[in-house]
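Undergrad: With full-length UniProt numbering as the guide, the letters of the sequence shown map in order to residues 1 to 465.
Think of the hints as simulated: they come from the structure by calculation, not from any bench. Check each hint, because a few of them may be wrong.
[What the hints assert, rightly or not] Taking lysine-lysine and the DSS-like style, the derived pairs with C-alpha atoms no more than 30 Å apart in a straight line are:
(1) LYS305 - LYS285
(2) LYS83 - LYS367
(3) LYS83 - LYS285
[What the hints assert, rightly or not] Simulated restraints on C-beta separations:
(4) GLU398 - PHE270: 45 to 55 Å
(5) GLY266 - LEU175: 24 to 34 Å
(6) MET412 - PRO84: 33 to 43 Å
(7) PHE270 - LYS83: 32 to 42 Å
(8) ALA271 - GLU248: 13 to 23 Å
(9) ALA29 - ARG99: 38 to 48 Å
(10) ARG250 - LEU127: 48 to 58 Å
(11) GLU398 - ALA29: 17 to 27 Å
(12) TYR117 - GLN222: 22 to 32 Å
(13) ARG99 - LEU32: 16 to 26 Å
(14) LEU33 - ALA271: 26 to 36 Å
All C-beta atoms, glycine included, are put in the ideal place defined by N, C-alpha and C.
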Amino acid sequence: MGGMTQHAHPARHIRPEDHDLAVWSRAIAWILLAVILIALPFVVILAGDPPAARGFLRDFSLGLGFSALSLAGMQFALTGRIKPLLHPFGADIVVVFHRFLSWGLVALMLGHFAILYIWHQDDLGVLNPMHAEPHMTAGRVAMGCFVALVASSELRQRLGLDYLWWRRLHVALALLGFGAAIWHVLGAGHFTGRDGTRGLWLGATLAWLGLIAWTRLWRPWQQWRNPWRVVQNRDEGDGVRTLVLRPEGRPLTGWRPGQFAWLAVGTSPFALREHPFTISTAPDKGPELSISIKPLGDDSERLSKTPEGTIAYVDGPYGTFSIDREADSGGFVMIAGGVGITPLIANLHALQERRDPRPVILLYASKDWEEIAFREELRRIARDIDLRVIHVIQDPPEDDWPPQDHETREGMIDADLLADLLPDESRDWPHMLCGPAPMLEAVRKALRDKGVPLARIDSEIFEMV
C-alpha cells in the first residue's frame, strides 16, 4: 500500500470489476437468480402431476403461501452479509430491500390465510391450537412470528426496545417463523406430497439452514480466532469518539475508503452485540482501523467509552460509498450533516494520502460551531489537497463570528446555497451525500433542480439500525 501513496491519480486503486457495466451486470444477475428461486417451486409443481384444481381462489391462496416461504428463505440471504450480493447494490440498499420484502412477506402470508378463512374454511380446519393438527398450528405460529418481527422492527424506537434485545428477538422470531413455515408446508401436503416437490422443499430448507449456520456460527468463529485490540480512544468534538483498532491476527483485506465494518467490543462475536460503523481512516494508512462513534442511544454510549486495551472483533469491509468507484471524475462534491461526515472523512483521508490533485468541495452542515466533529482534521487535510470546506451553521454564536480562518455560511443547505457555492463545472462530478434522511431528501431535490444528473448523486443511508 505504501507505494500507492506516491501516485497522484487514484486509478491505481480501482479494480476492473468496479466499472459500471460490471456492477450492473452483477446486480441484474442477482435479481434474475432471486426471480428463479421464487419461481422454481411452481416450475417443479407444474412440471409434475399436481392434484386436480379445486377452484382458482384456493389455488391462488396456496400460491401465496409458497411465495411467502420463498421470500422468507431469501431474507436470510439478504441479511447474511454475503459480499458478492452486497457489492453491486451497497449494504444500505440491501437492508432497505430486506425491509420492504418483509412487508411483502407478511402481506402474502395474511392473504394466504384470509382467502382460506373466508372461502375455504374446510382447508383451515379448527383454529383452536389445542385441537388443530400440529402442522396447521405451525402455519399460524409462522404467520404470528413474521407479523411480530415486522411490527417490532417498525415500532422499535417508539416502543423503546433496546437494540441488543430487539436484534436477539429479531433473529429468534425469524428462525422460529421459518422453521414453523417449513413444517406447515410439508405437513399440509398441498402440491408437496410427491417425492419430487417434497425433496425440493427439503433441499431448500437444508440450503437455508446451511446459510444460517455459516452466518451465525462459522463467521463468528472466524472472528473469534482473529481478534483486534483497542489501542486509542480519542475525542473528535461534537461528542464523537474515535476508537483506533490494531489487528492481533490478519488485517482487513479488500478495504476501500468510505466502507464500514461491524464492530463488537468487549464481548463474544457470538453474542449478537455488534453494530455497523464507518471506517474513518483510509486503507492507505496501514493495517490499523479507526471507528468514529457518536453516542445516539442504545449501545453506542457504551462503545464510545471503550477503554484502551479492550479486545474487539471486526467483520468487514462492506459498502460502496467510495471515491474508488470514480476513477475518471474531474472532482468531487461532498455534502455532510452531523455525524454523516464520517464516511466522507475516510474518503478525504484517501485523497490526502494519494496527494490527489482533483478539486473537492465539502459542504458540512452542523447545528452549532463549537461542537463540529473533525473541524481541525479537515483543516489539516485541506493543506495537502485541493479541498474547499464550507461550514454551514444553523445556530451560529453571537460573539467572534464569523471566524477568520474558516469559510462559513449561516442557515441550512438549500437550493440557493448550492447555486451560490457550486460552480457549473461541478454538475458532472460525483455528489456524495451523507447525513440525516430529511436533509438528504431536500439536498437531492435541490441538486436535481440545479441540473445534476441522478447518476451523479450518491447518498449513504446512514441510519441502518
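Undergrad: Look at each hint and say if it fits the structure.
TA: The hints, checked one at a time:
1. LYS305 - LYS285: 24 Å, holds
2. LYS83 - LYS367: Answer violated: LYS83 to LYS367 is near 36 Å, above 30 Å.
3. LYS83 - LYS285: Given pair LYS83, LYS285 holds - Cα atoms ~23 Å apart, limit 30 Å.
4. GLU398 - PHE270: 45 to 55 Å: 53 Å, holds
5. GLY266 - LEU175: 24 to 34 Å: Since GLY266 and LEU175 have Cβ atoms about 26 Å apart, the given range 24 to 34 Å holds.
6. MET412 - PRO84: 33 to 43 Å: 40 Å, holds
7. PHE270 - LYS83: 32 to 42 Å: 21 Å, violated
8. ALA271 - GLU248: 13 to 23 Å: 19 Å, holds
9. ALA29 - ARG99: 38 to 48 Å: Violated: the Cβ-Cβ distance is about 23 Å, outside 38 to 48 Å.
10. ARG250 - LEU127: 48 to 58 Å: 54 Å, holds
11. GLU398 - ALA29: 17 to 27 Å: For ALA29 against GLU398, whose Cβ atoms are near 58 Å apart, the range 17 to 27 Å is violated.
12. TYR117 - GLN222: 22 to 32 Å: About 46 Å separates the Cβ atoms of TYR117 and GLN222, which means 22 to 32 Å is violated.
13. ARG99 - LEU32: 16 to 26 Å: 22 Å, holds
14. LEU33 - ALA271: 26 to 36 Å: Check passed, 32 Å falls within 26 to 36 Å.
Checked against the numbered hints above, the structure violates hints 2, 7, 9, 11, 12; every other hint is satisfied.
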